[in-house]
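Undergrad: Input sequences plus hints: build the corresponding full structure.
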Amino acid sequence: MELSDSVAVAQARAGDSGAFRVLVERHSRNLFRLAYRMTGHQQDAEDVVQETFLRAYRQLSKFDDRASFGTWLYRIAANCSLDLIRARKRRNMQTEAGAEEGAPDPMQSLPDPSPTPDRLAMSGEVERKVAAVLADLSEMERTAFVLRHYEGMCIDDIGRTLGVQPNAAKHSIFRAVQKLRRALEPLMSSAS
Amino acid sequence: MNHLTEEQFVLYYYGEGDGSPAVRAHLDACETCRAEYASLQRVLNVVDSAPVPERDANYGAQVWNRLQPSLRWDRRRGLSWWPAPRWAAAALVATLIVAAFLAGRYYPKSQPAQTANAGQVRERILLVAVGDHLERSQTVLLEVVNAQPGQPLDVAAERERAGDLVAENRLYRQTALRTGDTRVASVLDDLEPVLLEIAHGPDRLTAEEVENLRQRIEGDGILFKVRVVGSTVRHREERAERPAGQIAGQNTL
Chain V
45 MELSDSVAVA QARAGDSGAF RVLVERHSRN LFRLAYRMTG HQQDAEDVVQ
95 ETFLRAYRQL SKFDDRASFG TWLYRIAANC SLDLIRARKR RNMQTEAGAE
145 EGAPDPMQSL PDPSPTPDRL AMSGEVERKV AAVLADLSEM ERTAFVLRHY
195 EGMCIDDIGR TLGVQPNAAK HSIFRAVQKL RRALEPLMSS AS
Chain H
172 MNHLTEEQFV LYYYGEGDGS PAVRAHLDAC ETCRAEYASL QRVLNVVDSA
222 PVPERDANYG AQVWNRLQPS LRWDRRRGLS WWPAPRWAAA ALVATLIVAA
272 FLAGRYYPKS QPAQTANAGQ VRERILLVAV GDHLERSQTV LLEVVNAQPG
322 QPLDVAAERE RAGDLVAENR LYRQTALRTG DTRVASVLDD LEPVLLEIAH
372 GPDRLTAEEV ENLRQRIEGD GILFKVRVVG STVRHREERA ERPAGQIAGQ
422 NTL
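So the protein sequences, as listed, match chains V and H. Going by our numbering, the first residue of the first sequence is number 45, and it counts up by one from there. Going by our numbering, the first residue of the second sequence is number 172, and it counts up by one from there.
What the hints contain is simulated information worked out from the structure, not anything from laboratory work. Heads up, the beta-carbon is just placed ideally off N, CA and C, and yes, glycines get one too. Hints are all accurate, no fakes.
Which chain H residues face chain V? A few, computed with CB under 7 Å, are given here:
| # | residue |
| --- | --- |
| 1 | E178 |
| 2 | V181 |
| 3 | R213 |
| 4 | V214 |
| 5 | V218 |
| 6 | A221 |
| 7 | G231 |
| 8 | A232 |
| 9 | V234 |
| 10 | W235 |
| 11 | L238 |
| 12 | V316 |
| 13 | N317 |
| 14 | Q319 |
| 15 | F395 |
TA: As structure tokens, this is what we get:
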């Protein structure tokens, strides 16, 4: 019979590595998707997944059983992603200061361009624009938007995840949507 | 008639808020708002189709395999993260590794072939130790960097670990300097003051102390450097594991 998250957490706390393995195997793919949406990089997303579980392992004794384990993991992953994004921004600023101009922003280069039916609907230009706008959002806007739009998390949970009032999370989503509309609507109207 | 606001459109799109029936009714009656909402839908639908690389069903198992060596389990004590006695032992092991490495480097070399082989073994042992040290240091730094903003943080366990890491850090830095590995020496040099600060600080940091420490770690890019050099060391460690004929001679850490 499949272990529920709460049972697996209790067993992992008691020192059962197999139970923690169940949690890792169950949540890794979702965390990867979230981390990729946040960072825009496969390797960074892999690192975020790894760091998320390391931190979860360390903090497992502090996890509140009444909460959702998945939401708790998402919060850790979102924070890890933000750390990476901040580090990358600093790195890019340092690189730009010393390097020749024209270095591409990693957020602009989406990987895996092989076409699928969904992706055929979106031109490369729009795709790049989406990535660029997401990259330009503030940390709070991007996290709130990714959690709401891609992960389907409700605004109250997003507020809890980010440690802010629901209203602040809501306004971050509004601003993110506004920026996306401003950037994408001209492209879409010219295409139609 | 008052038109709907953009915020109402967004909440309606995501099924949030309690005004959905009223919004629906307004959209049915108002062509302007219907067009505006359709425009929002088009944009968000396009954003929705942005691709994410797929991970196969074995991805979780792969993550576990990479993660497992970093975790320590103790059924009798329950969940534990490198309990103190192990750390004392780790510091001792670090001392012995460095001592053995240096003894090997400076001992008279009468048999070149054997010495070359022994040198590769020593290099591999040291790479493993330094890689492990950087990984554990990274875990301590992440604890501070990932702390909830505006909240105090209990760092009693990290403080103890940081104290042990400081001793190891000095040994590895000295070895790196002796072997001419300036890159590793430099990152260990940057790391030491932060480890010292955590080791000599209180068990419970105030929100302000956490923020100061976070800014220091992030401002100096220490976490990033530790991650990058740690990854390079691991890569060299893998290369050092290959048969002797495939290894290019390396004298640095």
